[in-house]
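*Asks:* Sequence:
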Amino acid sequence: MDMLSSNVDISALNQKDFKNINTKNMKKDDLREVCDNFESFFTQQLLDISLKNTNVAGEETGSEIIKGMYTENISRVSAGTMGISDMLYKFLSQKGK
1 MDMLSSNVDI SALNQKDFKN INTKNMKKDD LREVCDNFES FFTQQLLDIS
51 LKNTNVAGEE TGSEIIKGMY TENISRVSAG TMGISDMLYK FLSQKGK
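Residue numbers for the sequence shown follow the working numbering, beginning at 1 and rising by one.
If you're looking for bench data, these hints aren't it; they were derived computationally from the structure.
Honestly, I wouldn't trust all of these hints.
To be verified - Derived Cβ-Cβ restraints for the label pairs, each shown as a range:
#1 N73 x N53: 18 to 26 Å
#2 K27 x N53: 37 to 45 Å
#3 D30 x T81: 17 to 25 Å
Yeah, the Cβ is synthetic: ideal placement off N, Cα and C, and Gly gets one too.
Let the sequences and hints guide you as you build the complete structure.
*Replies:* Structure below.
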């Protein structure tokens, strides 16, 4: 089993899992922030997995901490720019109507 499939079983998700999401009372800015935060989290997971076996931060003591800080900062700064946030926002906005 590869590393990604051991963390997330995408096949278990389906449309009915999202029927109980209530976005009617949520402000648009709050929903946008939630979507951006999800994209940031998703991006960090991808970066963590892709950089796991690299020496981007060196091989010395603390390099894993530095690598974690690096991926966290990149994912936070790039939140809302990959398109995942926009797709999720549109989907959840339509569910609230």
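*Asks:* Could you run down the list of hints and mark each one as holding or not?
*Replies:* Now the hints, each set against the structure:
1. N73 x N53: 18 to 26 Å: This hint holds: roughly 20 Å between Cβ atoms.
2. K27 x N53: 37 to 45 Å: Holds: the Cβ-Cβ distance is about 42 Å, inside 37 to 45 Å.
3. D30 x T81: 17 to 25 Å: Roughly 20 Å apart at Cβ, these two residues keep to the hinted range, so it holds.
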